[in-house]
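Novice: Chain residues, written in single-letter form:
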Amino acid sequence: AQRVTQPEKLLSVFKGAPVELKCNYSYSGSPELFWYVQYSRQRLQLLLRHISRESIKGFTADLNKGETSFHLKKPFAQEEDSAMYYCALSANNQGGKLIFGQGTELSVKP
Amino acid sequence: DAGITQSPRYKITETGRQVTLMCHQTWSHSYMFWYRQDLGHGLRLIYYSAAADITDKGEVPDGYVVSRSKTENFPLTLESATRSQTSVYFCASNEQGAGNQPQHFGDGTRLSIL
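Sequence lines, in order, name chains A and B. Read left to right, the first sequence gives residues 312 to 421 (our numbering). Read left to right, the second sequence gives residues 15 to 128 (our numbering).
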């Protein structure tokens, strides 16, 4: 079964601290993985996708196929990073449908 | 992304009533999706459409109906609303339905069923 798990509902850190939002997936093939971010009462926005291997707003994520993980990391959190983060998986040949994790709310305190 | 709009933004209705949520995109994307967002569940796919007149069920389709007579519109109808359908509904689109392409989301419709 295809599944995405984000074990932390809430992650609270202080400004300037490192942050890691965990994402594990279950999929037998080669998945496409994404991180989406939702700022307070706004639409979901794409943050990262694993094929791009880029850094957006200081965030990076590496696909680890051995551990079936796609954790999101940032070395120094900022208050404006406070938001809801969703990890999502898109299975091949399924029309781009996304399977989302439950989401992690990141709170960055001053 | 102003290219995908949802209406209404907020809706309050009563159990048993029919309600339709609208989604319109200006990109001519082939694929469109409806998700519901609930605490503890993240977003779950209700229905999706690969093109005009082609629709298919997602993870949680019961109680919902969709249509796609035109490429740019993908309305979602709750035929007889129930309290369990109180949620935030997001529409999204994707150019070709390729797995490595991101989806573009609308602002969402916050639906409350009393």
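Careful: at least some of the hints might be erroneous.
Computed, partial: chain A to chain B, Cβ under 8 Å [as the list claims (entries may be wrong)]:
no.: 1; residue: F345
no.: 2; residue: V348
no.: 3; residue: R354
no.: 4; residue: R360
no.: 5; residue: I362
no.: 6; residue: E365
no.: 7; residue: I367
no.: 8; residue: K368
no.: 9; residue: G369
no.: 10; residue: F370
no.: 11; residue: Y397
no.: 12; residue: L409
no.: 13; residue: G412
Hints were generated in silico from the structure; no laboratory data involved. C-beta atoms are modelled at their ideal positions from N, C-alpha and C, and glycine is treated no differently.
Novice: For this structure, which hints from the list above don't hold up?
Specialist: Per hint list: 2, 6, 7, 8, 9 and 10 violated.
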